[in-house]
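K.L.:
Order-wise, the sequence lines are chains A and B.
Residue 135 in our numbering sits at position 135 of the first sequence; the count goes up by one each step and never skips.
Residue 156 in our numbering sits at position 156 of the second sequence; the count goes up by one each step and never skips.
No false leads were slipped in.
Not close to chain B: a few residues of chain A, all C-beta gaps over 10 angstroms, as computed: (1) Ser17; (2) Gly27; (3) Ser34; (4) Glu43; (5) Ala73; (6) Asp103; (7) Phe135; (8) Glu176.
Facing chain B, according to a computed beta carbon distance under 8 angstroms, are these residues of chain A, among others: (9) Val59; (10) Met62; (11) Pro64.
No lab work stands behind these hints: they were computed from the structure.
For each residue, glycine too, the CB sits at the ideal point set by N, CA and C.
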Amino acid sequence: MARKLVVISAGLSVPSSTRLLADRISGAVQREVSARGEALDVEVVELRGLAREIADHLVSGMPPSALRQALAAVSSADAVVAVTPVFTASYSGLFKSFIDLLDTDALTGKPVLIAATAGTARHSLVLDHALRPLFSYLRAVVVPTGVFAATEDFGGSGGRDGEDGLDRRVARAAGELGALLVSTSGAVPGFTAPAVDEVGKVDRISEESLTPFAQLLGDQLR
Amino acid sequence: MQFGIFSVSDITTDPTTGRTPTDAQRIQDLVKIALKAEEVGLDVFATGEHHNPPFFASSPTTFLGYIAAQTTTLQLSTATTLITTNDPVKIAEDYAMLQHLSGGRVDLMMGRGNTGPVYPWFGQDIRNGIALAVENYHLLRRLWREDVVDWEGKFRSPLQGFTATPRPLDGIPPFVWHGSIRSAEIAEQAAYYGDGFFHNNIFWTMDHTARMVDLYRRRFEHYGHGRADQAIVGLGGQVFMAKNSQDAVKQFRPYFDVAPVYGHGPSLEEFTRATPLTVGSPQQVIERTLGFADAVGDYQRQLFLMDHAGLPLEVVLEQLEILGSEVVPVLRKEFEARRPAGVPSDPPTHASLVEAGDDHPNAKHGPVSRVQAGSN
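Excised from the complex, chain A in its bound form (with noise of 0.2 angstroms):
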């Protein structure tokens, strides 16, 4: 069965350089699934058309559906890429927002790639200061390499070349997601999280997630 991939795209413009180079990423892991002799299925989720959907949500608490299903893809992805441009010396709000409506569970174990655009190679720690804590908190694998791309990257000779240029970094995080991707393939059933519904949130209105009631009232039933 063909893995599957979802990336997050935080990008503002259309186009826009994140979602630039969300694609070379995507295509990069790609082929480094297929290398493996892996299928991978790719859904991109482009946050700039559920922004509203996002702000309703935080103010209503329901999902709308086109949100409810990218959450849904988030949750039930085999890995991550998220690129977010760099705003105010941090991922842009509207990418924190969509993270903060994942249910806590929904990234735990799961390999994710992390990479920032911005226009100056001097964000470029927003990587290691704010978006690998914030997936490290959701307990997610955040693979070693992660991918800044400035303005310069992506124009004439600017970084594309030599040994830090963008296609090598791009590379070498893909290889090492591509490598997760295809390990994490022979978890057997039963000892894996439990069920997810469609809303992407562990299912806790179920018989079987229940603690029977005498259990919880525990000493009082003496």
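Could you slot chain B onto chain A? The hints should help.
P.N.:
Okay, now just chain B, sitting in the frame of chain A:
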């Protein structure tokens, strides 16, 4: 089937006039609203309980006692009584007293309360919410069912040889509902005791409400209180009506757009699509409400939220007129027409519990021991 209204007692600025009612005015307004409920033929009035602004209903039994004195048939209830931060001993005393004074017209609905700071104001911690609801309610049941109680638990000082007074009217404890939006434990709690389960059904999609009710129904049957479709279910809902549906939308939109809970977010159209909010003609309200029974099964109590979002008193009273004269009579007829045999029309009342005597789950501490001891 019972129909009524519930209020959260919010003091909200009317966005069309910029006027904010004083506490004094809003309290008197809610009295008029409760009395109007009986006048237009509704069965139930339920008040919320809150201990923080912008809400005024911190003293539900005082308010309900005042209403009881001025009504004769209206069932008095709560939506909800805070089982977490109130002392269960005081709940036992206050509501037993109210039951005596109202002549058996009281039931109540337990809720946890979701405002973090309220818990420490009453010496508790929101992280213990479920545990508090479990322990406190079990003690409350015992206080109403045993004349002398010896008790020890985690959250309250122990009781030795304690008798809660007054003893329940006719020796029959008030019927209790448990309200929960998304905690499966509370649906389980309601099922365990054979109590009623109420879903406020206001801010959530119908499929979510249906799943919560379905869980409660299955567990009700599991604990031996009857068939799943005989479990006692109540739903909330909110409506705004005008003869012509466009007028309803036009009149309600300015209130909706800035409403404290869902304002500044989804549009009125999106919200009415996703949740049970219905803004339109009485006929639309009838059709939508009847549809609830398709989602959760035939049920026993429907409460509407009518006084909210800063709507002025005259408008709320007018809405109640429409509800009582055009909507509820049709709903009564249609809900009974579709109700399968053996599914109760009404939730238990004081009178029906007196008649049922010791066999009713409400007379007992919990399910029969066979099930109590077993696993699920």
